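**Student:** Sequence:
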Amino acid sequence: MQPSPEQSPHHAYPDHWEADVVLRDGGTARIRPITTDDADRLVSFYEQVSDESKYYRFFAPYPRLSAKDVHRFTHHDYVDRVGLAVTVGGEFIATVRYDRINAQGRPASAPADEAEVAFLVQDAHQGRGVASALLEHIAAVARERGIRRFAAEVLPANNKMIKVFRDAGYTQQRSFEDGSVHLTLDLEPTAESLAVQRAREQRAEARSVQRLLAPGSVAVIGVGRTPGGVGRTVLRNLLGAGFTGRAYAVNSAFAADQATIDGVPAHRSLGEIGEPVDLAVVAVPADRVPEAVADCGEHGVQGLVVLSAGYAEWGAEGRERQRELVRQARSYGMRIIGPNAFGIINNSEAVRLNASLAPERPASGRIGLFTQSGAIGIALLSGLYRRGAGLSTFISAGNRADISGNDFLQYWYEDPDTDVALLYLESLGNPRKFTRLARRTAAVKPVVVVKGARHSGSTPPGHAVPVSRIPDATVSALMRQAGVIRVDTVTEMVDAGLLLADQPLPAGGRVAILGNSESLGLLTYDACLAEGLRPRPPVDLTTAATPQDFRDALSAALADDGCDAVVVTAIPWVGENGEAESGDGEVLATALHAAAAAGPAKPVAVVHVEIGGLAEALAAATSTVAQQRPATASPALGVPGRPAAPRRPDTGQAATGRPAPTPDKAVGDADPAPGASRPVGRIPAYPAAERAVRALAEAVRYAQWRRQAAVPGKVPEFLDDTIDEPAAGTLIDTLLGQDPDPRGRPLEHDEARELLACYGIIVRPTLPAPGPEEAAAAAARLGYPVALKTTAPHLRHRADLGGVRLDLDGEPALRRAYGELTDLLGKPAELRPVVQSMAPRGVDTVVRATIDPAAGAVLSFGLAGAPSELLGDTAHRLVPATDRDAAELIRSIRAAPVLFGWRGSAPVDTAALEELLLRVSRLVDDHPEVVSIALEPVVVATQGLTVLGASVRLSPPPARTDLGPRRLSNY
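Per the numbering used here, numbering through the sequence shown is continuous, rising by one, with the last residue being 1068.
Some hints could be false.
What the hints assert, rightly or not - Label pairs and their in silico Cβ distance ranges: (1) Ala854 with Ala200: 35 to 43 Å; (2) Pro882 with Trp999: 22 to 30 Å; (3) Lys165 with Ala200: 23 to 31 Å.
Claimed, not checked - Think about it this way: if two alpha-carbon atoms lie no more than 25 Å apart in a straight line, the pair counts; the simulated DSS-like pairs of lysine-lysine are: (4) Lys151 with Lys260; (5) Lys151 with Lys257; (6) Lys530 with Lys811; (7) Lys548 with Lys530; (8) Lys151 with Lys165.
Honestly, the hints are just simulated from the structure, not real lab data. The model shown is predicted, which means the values in this text are computed figures rather than measured ones. Note that CB positions come from ideal geometry on N, CA and C, so glycine has one too.
My request is simple: use the sequences and hints to build the entire structure.
**Tutor:** This is how it looks when you write it as structure tokens:
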């Protein structure tokens, strides 16, 4: 909302302060600056506030605002005086303002850095978390304007407001003066304030999804009067699933006397229903959607599923139509799935919701599925159905203009009905947030992701997201750092999901293989080796093996302490006449189920070839009761590995008020007593050994990540003694200047050395050598032996092109090398030669850090040279990196053995290399103006390392949306 001309002219309207937020109950609201045009809204808002709330605000009876009050509360300079309002449907529901004050509490301007703050929330909206959201945003505004502290006077009886301040997580002081509570809040974000903010974000966003998935009533807008059509199909599917709530059909073209259609009440508008509607499924042409959305908003609908097409997937006009759709829905406090969506499904017996185009509700299960593509969603539903798998929830979000995979990660994090989250994504709207949420969710349940549009170089139609410059391999590495199981195809996603949903996590990578086919066993053995597992020699039961033989062999394998998982291979039996017989798959499945139920909790997978009924029988759980999936015991901790969700200090409950995720039983705890059996779920069956082993390998890697994540890494304290952060900040400010170029600037060699030295990173000096005489003088100054190398861009770091001469032990050798370089490669002015003292011999490596506009700061490591670049052998981690991240970074490249004594060479000082990585990570994390660092080469010797080259680029700091107050993505 732009201000009128009389708004303070010397400070432009700060439209970047506008934000949509999700409140505690899952509804949305808009926060924006108050302008002079808001006088009538302010008066109307104040009239709806109770006398008690007015008393708490003004410390005296204050029935109405005077004209002077209205003028004061609507005229701001957006620096020393700022007011923000929370709006729903365009009307105020809450306000906050601050006034900068000096040490005596009088109005002031900068450099005064304290402000008095006051809130007022309409009584009907108290308890929705409005004041907490406002505090986050007004604090961010204040910090931007140079204010470091808030002061507030609160009446002792105003417990709600005192609690808002107390629970915010900021450092604060409290005193009792003149009959009121005086509070002072330090606005510098703390670890506690960030944790509080993210916990509130999780509760609110999870609740907004829950309102969509568990409605008490659903209206389908656009139900056709004749069979067929999208709206009529959705209504049929909703009724066919046995929806437990109330259903309504809406179409403005219904006859006035038409009372029902397909057995449900028929209405021409939402207003005719006369009862609250929680969810509306919109299936009308795009040009009629605004009318439907307005009807929903005016009658209190909580959320929308928009199936209508014709939005961003149709070009510029459609993109603008999509933005207006989101803008309109949020103005009423509603969230949207879609547009161009396929629909949503919730298999909970308490809901039984199928508000989608899927003709049948899939079986109930423990898998949550999110997809951005309707076609992929259809394929996944079909594949899961064929494999006998069940779903807890299904969402096909289409253009995902509002609700995205991030929102469902918030929901699934503590959803008791979901054990595994599967996501098909074509874009990451907020990669930093996705990584954070995925890491937290993966700590309690597996997250499996397929990323489409990996190599297209463009954003899929309809997705307005930041364009990432990092390659897909980097995205994959960052996902794995967060514990995400990244697979390449939807088939692999289903394969992994089935095993993770129904089998315990393996304690390690030792795999037993047994079956009635030696060849199939060998194929499985080879596949295990290819995936980095440790298979034991296959046990051949021969083609004469009976189901009892399989049961005995599986029982023995599960009981073996040297085995962490079992792969059973089976082919049809060969009869007495030599012909293959399919056998009774149900009998074999019963035998395998019995063995698994009686043995220790270890994952079992089956590879079968044309055994009729086996896969279906294995997919049938042996118990209809939902079982808690066992997890591995952590060898380091001696305890099982599913941590509880963050609990609220005052209640001990999880973030949304539902029971918090509780630890799974340890493997030992899950073991049955001798002769007893334990309930066991479905045993996944695969038609190829490679598919079964790949799924098992993903489970092994994920279980290992879970064990490590239970004890998070840290940044060693010794770094603090050798880092001068203030000096680096001062230097950066000087180098950027008062009016920095938004494109940034590369640092000169000496400038980069000085900045890096502030963080204990010493770069070996180089001296320019524009001619032989200058080269000789430089070598004499540095001391022999020296290296002579070119720094021209096309030759830099390309020793293979002959631009480097090493171990020059005297002036004759130096002059000779200088002549060879210029004769071979060109004139000195083109080559830009430099002289540098020799470093101890070692392994040449490269350390880089870059700021990606979508993913944030990324730390990278690899060996120097063309082969590593050609093969893409580089590892990546998100910044800030911990000691564990640094250790994993250097060990995760394929050429890592070179660092650890490959072929008899001496191992290099990897501890020094890890320390260097941590220093680089600290530098870019402390100073977002450092947008690029490249240390190349870094020669790592048996003792210590030497940084021979460094390039640094500075730029005005990019926006950090992940650290600001809660807000929904912009439209």
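**Student:** Work down the list of hints and note, for each, if the structure agrees.
**Tutor:** Results for each hint:
no.: 1; hint: Ala854 with Ala200: 35 to 43 Å; in the structure: 39 Å, holds
no.: 2; hint: Pro882 with Trp999: 22 to 30 Å; in the structure: 27 Å, holds
no.: 3; hint: Lys165 with Ala200: 23 to 31 Å; in the structure: 27 Å, holds
no.: 4; hint: Lys151 with Lys260; in the structure: 18 Å, holds
no.: 5; hint: Lys151 with Lys257; in the structure: 14 Å, holds
no.: 6; hint: Lys530 with Lys811; in the structure: 21 Å, holds
no.: 7; hint: Lys548 with Lys530; in the structure: 16 Å, holds
no.: 8; hint: Lys151 with Lys165; in the structure: 17 Å, holds
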